[in-house]
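Student: Here is how the chains run, residue by residue.
2 protein chains.
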Amino acid sequence: MSVSIYTASVPVFTQMLGGLQGVLAKAEAHVAAKKLDPNALLQARLYPDMFPLLRQVQVASDFAKGVAARLAGVEPPKLDDTEQTFAELQARIASVLTFIQSLDAAQFADADTREIVTQAGTPKEKRFTGSSYLCNYGLPHFFFHTTTAYAILRHNGVEVGKKDYIGTY
Amino acid sequence: MSVSIYTASVPVFTQMLGGLQGVLAKAEAHVAAKKLDPNALLQARLYPDMFPLLRQVQVASDFAKGVAARLAGVEPPKLDDTEQTFAELQARIASVLTFIQSLDAAQFADADTREIVTQAGTPKEKRFTGSSYLCNYGLPHFFFHTTTAYAILRHNGVEVGKKDYIGTY
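Residue numbers (my numbering), protein chains in the order written: chain A, 1 to 169; chain B, 1 to 169.
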């Protein structure tokens, strides 16, 4: 009657980041075919005070990396947010995939009850159990950014479909 | 080391549909304050072949209802997709919330291994275990539509934030 915290996190992030890689590959092919400035997509936003595509991809990969690491009880690798191209975004996602796939299901053994503190020491500090951290916080934020990245590209006429977003599982 | 299928589904759908209700309430208030035609938002799309806001909300609530029902092994209530106003969308979400909250955690007891078949009898038929159905299919689709509904409203200048999207948990 239950699903392991590992199964509900790492394979889901892997699936969706794979989908995002496919979506970004189609976006890059679209840029090449139409001879566009890649920044016309990388810096596209749905509204002036929303993150552009490039930042949505960075944050989506950050949630995958950070949530998986905290649930496994390890320190997430630091990423410097220096990406400026589609190729660099692909490399970032690939590095996050390598990291999360290096985690072993056994590291998630006590993850459901482990206390996880976000924004520790700030007025926004929040304490979770591992299972709440994943279900009520990590997944909603992760999917928010993968979907918004997709939405930005769809809005700009890149021919991607929900199948691309969903990825392979 | 695991989370129950109930905990990973019903409370998550409840949280996010509550968030969506708040987002839609702000959209309706925006319509009133700016004296807009409500259909300017309800029929807004991010691209011509994407669903408009109204349909995104219908589909998001359908995923919550359908996924929870299948995991609980019950027939989901039929909804007729006749909504045309913000008030009707709110009523639809409320009815889905009432339905999913009527499900008992015990009904999800064998959900992780129960076989779930989507689009049965069609060329797109797919067979899942309950846990894969939730993690690899149900949640990605559900979050896709809640996020896209939010994105349509953000794109149209409704003052909502990620906190509204995330809801209360």
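Fair warning: there could be bad hints in the mix.
Because identical chains cannot be distinguished in the list, a pair is counted as satisfied if it fits within a single copy or across any two copies.
To be verified - Calculated lysine to aspartate or glutamate pairs in the DMTMM-like style (CA-CA distance at most 25 Å, straight line):
#, residue 1, residue 2
1, Lys162, Glu115
2, Lys26, Asp110
3, Lys26, Asp164
4, Lys162, Asp62
5, Lys126, Asp62
Keep in mind that the hints were calculated from the coordinates and are not lab data.
Student: A separate judgement is required for each hint: does it hold in the structure or not?
Tutor: For each hint, the structure was consulted:
1. Lys162 <-> Glu115: between (35 Å within a copy, 24 Å between copies)
2. Lys26 <-> Asp110: Answer is neither; intra-copy 39 Å and inter-copy 40 Å both fail.
3. Lys26 <-> Asp164: within (9 Å within a copy, 31 Å between copies)
4. Lys162 <-> Asp62: Both, since 22 Å and 16 Å are each at most 25 Å.
5. Lys126 <-> Asp62: within (18 Å within a copy, 31 Å between copies)
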